[in-house]
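> So the sequence lines, in the order shown, correspond to chains A and B. Residue 204 in our numbering sits at position 204 of the first sequence, with consecutive numbering throughout. Residue 114 in our numbering sits at position 114 of the second sequence, with consecutive numbering throughout.
Be a bit skeptical, because a hint or two may be false.
Cross-link-like lysine-lysine pairs, in silico, PhoX-like; alpha carbons within 20 Å at most [what the hints assert, rightly or not]:
1. B:Lys65 - B:Lys77
2. B:Lys117 - B:Lys129
3. B:Lys77 - A:Lys236
4. A:Lys246 - A:Lys236
5. A:Lys236 - B:Lys117
Calculated directly from the structure, the hints in this document are not laboratory data.
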Amino acid sequence: MKAADFISFLLRRGVQALVVMFVISLIGFSIQGNLGDPLRELVGQSVSEAERNALRDRMGLNDPFFVQYSRFLGNAVQGDLGNSYFFKRPALDVILDKFPATFELVLAATLIIIGLSVPLGIYTAINPHSWITSIVMAVSIVGISIPVFLTAIFAIYIFSVQLGWMPSFGRGDTVELPWGWDSGFLTLDGLHHLILPSIALSSIMLPLFIRLIRGEMMEVLQSEYVRFAWAKGLSKRRIWYVHALKNTLIPVISLGGVKIGTLIAYTILTETVFQWPGMGFLFLEAVNRVDTPLIIAYIIVVGLIFVVTNTLVDLIYTLVNPTVKMVGSGS
Amino acid sequence: MALLEIEDLEVEFPNRHGTLTALRGINFTLDESERLGIVGESGAGKSMAAFAILNLISEPGRISKGRIVFEGRDLAKLDEEEIRAIRGDRISMIFQDPMMTLNPVLTVGVQMIETLKAHRDISDEDARKLALARLREVQIPSPEARLDAYPHELSGGLRQRVVIAIALLSDPAIIIADEPTTALDVTIQAEVLALLLALCRDHATALILITHDLAVVSQITERIIVMYAGSIVEAGATRQIIDTPQHPYTIGLIAALPEQNAPGQPLNQIRGSMPSLNNIPPGCAFAPRCDYATDICHRIVPNLTTAHGQSVACHHAGQLQPQESVRDTERAVS
Ligand SMILES: Nc1ncnc2c1ncn2[C@@H]1O[C@H](COP(=O)(O)OP(=O)(O)O)[C@@H](O)[C@H]1O
Ligand SMILES: [Mg+2]
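Just need the whole structure built from these sequences, with the hints factored in.
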């Protein structure tokens with residue numbers, strides 16, 4: 001790939017990302033106007049109407065929409081999303097404090113998904129008649145139809161309550177890393193606490209990924225080029241793990257990347273069930289308290305994560321797929 | 001002894017309703033450096049026969065009967081590793097559509113070198129050298145650059161040349177080419193065929209050329225097999241088949257050649273269409289479309305019988321009047 005192609009790709013994706021973030025900011029802003037009256041949160045009931053109006057004027061709440069929105073946007077670009085009503089601190093800081101917890105949970109779930117779905121997808125595609133395949137496929141059908149909070153609650157009941165093997169809530173011990181990143185990956189207790197939540201979170205996507213990889217691989221195994229590879233006298237291993245697998249994983253990367261992005265949304269449920277101190281748990285609390293700045297900050301941060309992962313996935317897809325040219329890979 | 005002897009080959013596909021016999025009673029031989037053509041309408045079982053030779057019938061199909069004797073061994077009875085060693089080394093294949101044959105995510109060089117490495121201990125460097133030499137042989141311009149190219153960067157004609165180069169890598173005893181030019185642009189079909197012919201001559205490689213185009217085989221092969229609905233209906237020297245076709249199906253194929261028909265006139269097609277394999281009529285499979293069919297044709301399957309080196313499966317073989325313009329045919333196809 002040429003450098004010029006690469007720069008033009010980044011520019012295109014950059015512009016797309018900006019458009020998406022712009023839309024997300026609009027949504028965030030309109031929530032601000034619709035979720036309760038900020039004055040009531042700030043001053044309570046005992047203030048007179050005249051005083052309220054003066055305060056509204058001072059806060060710019062009586063300005064035209066466009067003026068208010070550009071002020072919101074201007075502040076947002078500088079990282080100022082307002083103060084959390086509850087924590088009395090900048091909302092963005094509150095959210096970002098919880099980012100490592102959520103990131104590590106999603107990362108662990110992603111590793112579980114990749115680590116299981118790739119070998120299982122390959123195995124079930126190569127051995128369609130094996131009894132292991134029948135079991136994997138049956139379990140994955142059941143898995144697709146069970147909601148994540150049920151999985152989570154069952155897991156807690158069995159492994160924490162009945163067997164007592166696993167902690168049922170929290171992150172356990174964490175280690176403070178540079179930039180205020182507290183990691184649970186580096187302590188045994190932290191890893192122990194990570195097991196159930198990450199398995200529960202991965203269980204949402206795992207069946208889907210196994211079926212995706214299996215379906216894709218079976219189709220590739222029927223292709224003319226795989227037939228030709230057999231006719232060339234290549235070994236099974238080479239045909240399966242080089243010829244077929246490469247062509248299987250390329251489409252899986254682009255589809256799977258988007259799905260992994262949506263895991264972020266499912267962390268709200270998982271974190272709440274396991275009281276995992278991450279952004280999702282925080283978000284649900286913020287909703288309960290109608291902590292509007294925090295809600296908005298969450299939406300914008302998650303939107304940003306989504307945009308960044310999608311761009312990364314696209315970039316990887318383009319790098320590994322020789323038949324796609326950078327320019328014009330567009331959407 | 002012949003290089004390849006196929007005896008009473010039968011291929012079956014078990015399915016819900018029972019068993020579908022895709023090939024039955026296939027008998028033929030191929031001598032060293034001989035060029036043999038297999039013709040017949042689409043669906044006749046030509047590709048099936050080709051894949052059966054290398055035991056490459058896809059599941060659930062299987063070779064249910066017969067022997068495929070190559071260099072003294074029955075290929076149908078070899079274990080996985082033994083047949084793998086023959087594929088692409090002693091017997092190579094060229095597929096129909098070069099747009100689909102090459103793996104889109106591997107470079108030409110990788111796809112050539114892996115073939116060599118699958119069959120012998122060879123250094124990367126030597127393998128690359130040999131691959132380059134083969135690309136030169138198939139007359140690919142700037143072969144060094146092509147080695148690092150992906151298939152989608154090459155035209156259809158160039159891709160088929162790459163496929164031919166791959167087939168040629170190990171200097172095989174037999175190349176099986178399954179409609180090697182059907183998917184190509186008309187303007188380059190002749191070029192690729194001429195190249196294939198020249199290479200087989202230079203390397204003394206035997207060729208099985210599969211096509212639905214009688215005109216093509218008549219220019220290249222020494223012998224012809226005509227297939228219909230999974231069976232051989234006629235076989236013999238190319239000249240014999242073209243000059244004195246015995247089976248009504250072969251006669252019909254020749255009459256349908258564009259050269260046989262006056263410009264502007266509709267082509268002289270054989271009426272009707274080939275029966276599907278699960279619906280083959282009793283008796284001669286061709287009888288429902290045959291102008292000469294009599295009572296016996298609809299009841300009894302004709303055997304392949306040989307006279308003067310020409311085999312025909314027809315109850316009325318030798319009794320049919322030669323067609324009006326057999327001599328025109330000769331002019332047209334040569
Ligand atoms: N997997 C399969 N199951 C059942 N029948 C098949 C299968 N594959 C091919 N056939 C049948 O075998 C016959 C021969 O096909 P093929 O060898 O491709 O014909 P040709 O190459 O002469 O056009 C066709 O009638 C086709 O329908
Ligand atoms: Mg065919």
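> Starting from lysine 65 (chain B), check that the Cα of lysine 77 (chain B) is at most 20 Å away, please.
11 Å, holds
> Measure nothing beyond the straight line between the CA atoms of lysine 77 (chain B) and lysine 236 (chain A); if it is 20 Å or shorter, mark the hint as holding.
With Cα atoms ~19 Å apart, lysine 77 (chain B) and lysine 236 (chain A) stay inside 20 Å; holds.
> Sort out whether lysine 129 (chain B) lies within 20 Å of lysine 117 (chain B), counting only the CA atoms.
Status holds; Cα separation ~13 Å.
> Quick one, are lysine 236 (chain A) and lysine 117 (chain B) close enough, alpha carbons at most 20 Å?
14 Å, holds
> Against the 20 Å threshold, does the CA-CA distance of lysine 246 (chain A) and lysine 236 (chain A) hold or violate the hint?
14 Å, holds
Of the hints listed earlier, there is not a single one the structure fails to meet.
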